[in-house]
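**Q** Listed below are the residues making up each chain.
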Amino acid sequence: MNGEAVIERVAAALNKCRLEAVLIGNAGAALQGAPVTTLDFDFMFRKTPANLRKLKRLARELNGCVLRPYYPVSSLYRLAVDESGLQLDFMSRIHGVRSFESLRSRASEVTFWGHRLLVASLQDIVASKRAAGRERDKAALVILQKTLDEKRKQKA
Amino acid sequence: MKSASRRRKALAALKKETDRALTEQIRRLLALPMNKRTHFLRVRLPNGGSTL
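The listed protein sequences correspond, in order, to chains U and X. Residues in the first sequence are numbered consecutively from 153, following this note's numbering. Residues in the second sequence are numbered consecutively from -9, following this note's numbering.
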């Protein structure tokens, strides 16, 4: 499915709530040019009291609610919208990435109908999936690495 | 022996073709601006599973 309208809605809501988050995972990889698919959007953010308030505001903006499905094992915040099945996962720590600042410094800014969205570099997404070492990521990693190689070839 | 070698050759040709098709797909996507690479979202189905 063409996710343009969904991404535009998410980017607009993030901008409105002034929540700074970087898109990672397969959605980020797809926007970076990798032929992969996904059901949800993963973001890295800074876990601060102000940002947690913004996250709640974002949930209201999207008619969803914030859940903590793996509390206390994980610090994942899941924003779920029942009516559309939309799911946004917010993480303050991800494997293979030192800090939010370092991820942000390498991220690309993409604009959807005037709403900006930060997308992690493909190199960071590959590093994070490789460090996580999950079985389900292995097939996607081959495709992501091939995309990264192709991007490097085109740059050279 | 002959059929095993033929099978190996067929599999090698298939792998080569799969790699070529994947590279083509990546190049097509990279040729688009980032905000047009949006055909990746799967939708949850009511009875489980998902579809593009």
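None of these hints come from the bench; they were simulated from the model. Heads up, some of the hints might be wrong.
Said to hold, decoys possible - Here are some chain U residues pointing at chain X (derived, C-beta under 8 Å): (1) I159; (2) G185; (3) V188; (4) V225; (5) S257; (6) A259; (7) S260; (8) F264; (9) K303.
Said to hold, decoys possible - Derived lysine-lysine pairs resembling BS3-like cross-links, with alpha carbons at most 25 Å apart: (10) X:K6 x U:K290; (11) U:K290 x U:K303; (12) X:K26 x U:K298.
The beta-carbon is built from N, C-alpha and C at its ideal position, and this holds for glycine as well.
**Q** Which numbered hints are broken by the structure, listed smallest first?
**A** As far as the earlier hints go, 4, 5, 6 are violated by this structure, in ascending order.
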